[in-house]
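There are 2 protein chains.
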Amino acid sequence: MESAGIFDSVKELMDEVETRFHKELQPRSNSLADLIAHIGKYKGKRLRPALVLLSGKCVGDIVPQHIELAVVVEMVHTATLVHDDIIDEATMRRHVESVNSKWGREISILFGDYLFSRGFTILSTLDSQIATLLLSQTVNIMSEGELIQLQRRYDLGLSENDYFDIIERKTASLCAASCRLGATFAGANRKVSDRLFNYGLKVGIAFQIVDDCLDVMGTEEEIGKSLNTDIQKGKLTLPLIRLVNQLSGNKLETAKELIFQHDSRDTKAAIVGC
Amino acid sequence: MESAGIFDSVKELMDEVETRFHKELQPRSNSLADLIAHIGKYKGKRLRPALVLLSGKCVGDIVPQHIELAVVVEMVHTATLVHDDIIDEATMRRHVESVNSKWGREISILFGDYLFSRGFTILSTLDSQIATLLLSQTVNIMSEGELIQLQRRYDLGLSENDYFDIIERKTASLCAASCRLGATFAGANRKVSDRLFNYGLKVGIAFQIVDDCLDVMGTEEEIGKSLNTDIQKGKLTLPLIRLVNQLSGNKLETAKELIFQHDSRDTKAAIVGC
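Here the protein sequences line up with chains A and B, keeping their order. My numbering puts the first sequence at residues 11 to 284. My numbering puts the second sequence at residues 11 to 284.
Since the hints were made in silico from the structure, they are not lab data. There is no bait here: all hints are sound.
Output of the computed footprint for chain A on chain B, the stretches with three or more beta carbons under 8 Å from beta carbons of chain A:
#, region
1, 91-105
2, 115-124
3, 128-137
4, 156-170
This structure is a prediction, so every number in the text was calculated from the model and none was measured. Beta carbons are placed, not taken as given, at the ideal position from N, Cα and C, and that holds for glycine.
Start from the sequences and build out the full structure, keeping to the hints where you can.
Laid out in structure tokens, this is it:
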């Protein structure tokens, strides 16, 4: 017997979010038709919309605003993916070619901006200061997290605490905001909303750790996106930090050389072998 | 006797906007300190904040929200400059090195996102649905205008109407929004707000035409930013469209060749000579 998935209780609502997401993306001019049709092929896990809905259900009733909020968090997330794929020079995303690989970085920069502002336009129709403030602050924190990560590439002094600070900002903050929004719009008080926020933070951190391990251990066919980009780009993720911390003497020197050589195959072999 | 500048009546308010802009940009983490200090050196014309204040004064009293709105439109404008300079590969902006030239495109993408979201965070403190909806829609229109411009590079079929459509989106829309915001927050009714919006649209279009002419005719010392980027990047601006439309036969073929050769010096000479 198949075990129940954690999204099962919100399956119908998730279908509604999916329909609405595609409707909101409908291009108003020909210039965007191809880009939007391509983004429509991205089949993501829709983790963030699910967190909005599950947190809402956990607290009380789902209201129409939950669907809108779920669409907004997915739109903002998609915008960050489009910009991240430029930085990582990723060629594959969600089982299809990345926007960056198909149209180049110039189009990708502007299309990311388009998706961010589309998300905030939908959000502003809700007329909720709490939601607008929380999501704009979250995007701010996310971009700061990505900036810190970039600035500390190839820095072997990056500690586990530094790593957790980065992933909390760049990934977990939007998961936490999704939970807080879901809870708040279902009538949660501050205490309950804070607890679901913290739950989202933990889910986001766990998700990013798995994602970082898959970047080293996974296969592109299974995962559906470009892998090994972390090592290629000098991003020190948890598997690499743990590798460096476990080694000493010659082995440490060899690992450092491999990381700074930017040869991902050898580094991957070294990590898997440890 | 020196003639009165159009900004004279709002000079003190503009100083307040300047102080507030720098205060709002204060970095909360070390990772951003250098980037923000650099942006602080950008000495712009502050056209959009001036349009907020002048439109407000034109209708009624200036209120504290006008200062906030003026800061927000400048923040959003600065974000678009940071992203545009990646696309144009511009090395100079507002008399100093561009963020792209100094830190590269990866940092520039994320720093642009940071500035956009900072602008929307300040905006959300005003708790105005009208302002949030208008500005998010405006950023959406601006990115669409830039996308259309990119897609039609090196396209000699670009008409003057197409050009005006592009510059209305990418430049004039934020000037128009600045005027509408200034008017609305001073208590303007719909009719007055619409008229000032249209005034802003015309100012923005005029401003962009001048900017496009300066790209061909100006000097970098005077203008303080990288010039000739339009021709280098295949952007057909009004001077180039007029050049192509005036020519026929061999002269037209030569102009086309020069444009498609991407040799900006020869094309510049051809335009100035026409």
